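Let chain A serve as the given structure and place chain B on it in line with the hints.
Protein sequence lines, in the order shown, are assigned to chains A and B.
Note that our numbering numbers the first sequence so that position 9 is 9, with each residue one more than the last.
Note that our numbering numbers the second sequence so that position 27 is 27, with each residue one more than the last.
Don't take every hint at face value.
Said to hold, decoys possible - Heads up, incomplete: computed chain B residues facing chain A, CB under 8 Å, no partners named: (1) P12; (2) L14; (3) Q18; (4) V21; (5) L26; (6) V47; (7) M63; (8) L67; (9) N70.
Just so you know, the hints here were simulated from the structure itself, not pulled from any lab data.
Predicted, not measured: the structure shown is a model, and the values here were computed from it.
Note that beta-carbon positions come from the ideal geometry of N, C-alpha and C, so glycine has one too.
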Amino acid sequence: MKFGVIRFPGSNCDQDAFHAVKDVLGQPVEYLWHQEADLRGADCVIVPGGFSYGDYLRCGAIARFSPVMSAVQEHAARGGLVLGICNGFQVLCESHLLPGALIRNDGQRFVCRHVALRVENAGTPFTNQMRPGQSLCIPVAHGEGKYVCDDDTLAALRRSGRILFRYAAGDNPNGSLDDIAGIAGEGFNVLGMMPHPERAADPALGSGDGRLLFESLLNYWR
Amino acid sequence: MAQVKVYVTLKPALLDAQGKVVQGALQQLGYEDVTQVRVGKYIEMTVADGTRAPAVEAQVKEMCDRLLANPVIEDYKFEVEA
Chain A
1 MKFGVIRFPG SNCDQDAFHA VKDVLGQPVE YLWHQEADLR GADCVIVPGG FSYGDYLRCG
61 AIARFSPVMS AVQEHAARGG LVLGICNGFQ VLCESHLLPG ALIRNDGQRF VCRHVALRVE
121 NAGTPFTNQM RPGQSLCIPV AHGEGKYVCD DDTLAALRRS GRILFRYAAG DNPNGSLDDI
181 AGIAGEGFNV LGMMPHPERA ADPALGSGDG RLLFESLLNY WR
Chain B
1 MAQVKVYVTL KPALLDAQGK VVQGALQQLG YEDVTQVRVG KYIEMTVADG TRAPAVEAQV
61 KEMCDRLLAN PVIEDYKFEV EA
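Just chain A, with the same shape it has in the complex:
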């Protein structure tokens, strides 16, 4: 299974994602430059965390119009796998690949710590190696991670099981609506999440729980 990790100016979790795929999962991976509308044959595209284009205007607003994102749009429309982490989640929302938006944390602070995530739907390409209700220890690191959407969108997300991860009760770091930490697109081939599974894929980093997400992708692909 081939992975591609996008690099925008200001991406800073690209190497973590690359390491998780190459060294932990043992799968081929390439960097994808934002100026090239070429996914180099990637089966799964990772839109990594960071501060693409300096977070200017709104997080992810400028990255959305980069050449590589038009290729990602086509890839997603064909059912291709896309994983957006942190700033990547913001980019996917700005790109309308996922509904809603991410705004400033309620506490107004940048939050950088491990949180407890609850697996809400374990029947997806991203979660099939997890158990429903399982608790995962995964770090967050963001200032603008409060997920918001309108009532109709929230109802649709709930109804269709597209909320894959919630922050555990009492552990919501940003005031996210309905404790939402990660949502999937309609076809379940696109996932956006604020927590960083790639920073918890190697037990040397304090938690290995994020590895389950990458193993789920591999299992789905096989």
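Just chain B, lined up with the frame of chain A:
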């Protein structure tokens, strides 16, 4: 040449965490009458060939919808001075 002023604000239904903190700071300074603060963005643009105001307005609206504002969370208004 047209001068364009765009104002982008968070939708009223959304809590403006930044505005709330600024309000708290103002109250701390003794401005207790400040009951609400909303922080937004102000964008100035110069548009060449902006002699036909209606055409510029249509273009600016498109710019706001596509890039300058996110309709999911923000409202915008703008002024065009030919």
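Legend entry - When the least beta-carbon distance from M63 of chain B to chain A is tested against 8 Å, hint result: violated (12 Å)
Legend entry - Hint status (Cβ of L67 of chain B to nearest Cβ of chain A, threshold 8 Å): Since chain A brings a Cβ to about 6 Å from L67 of chain B, closer than 8 Å, the hint holds.
Legend entry - Closest C-beta approach of Q18 of chain B to chain A relative to 8 Å, hint status: holds (6 Å)
Legend entry - Hint validity - N70 of chain B Cβ closer than 8 Å to any chain A Cβ: holds (6 Å)
Legend entry - Interface restraint verdict for P12 of chain B against chain A (beta-carbon cut-off 8 Å): Violated - the Cβ of P12 of chain B stays beyond 8 Å from chain A, reaching only about 13 Å at its closest.
Legend entry - Agreement of hint V47 of chain B with chain A interface, Cβ distance less than 8 Å: Not OK, violated: V47 of chain B not within 8 Å of chain A, min 18 Å.
Legend entry - L26 of chain B as chain A interface residue, shortest Cβ-Cβ below 8 Å: violated (15 Å)
Legend entry - Hint validity - L14 of chain B Cβ closer than 8 Å to any chain A Cβ: holds (6 Å)
Inset, instruction - Classify the hint on V21 of chain B as holds or violated, based on whether any CB of chain A lies nearer than 8 Å to its CB. - result: holds (5 Å)
Checked against the numbered hints above, the structure breaks hints 1, 5, 6, 7 and satisfies the rest.
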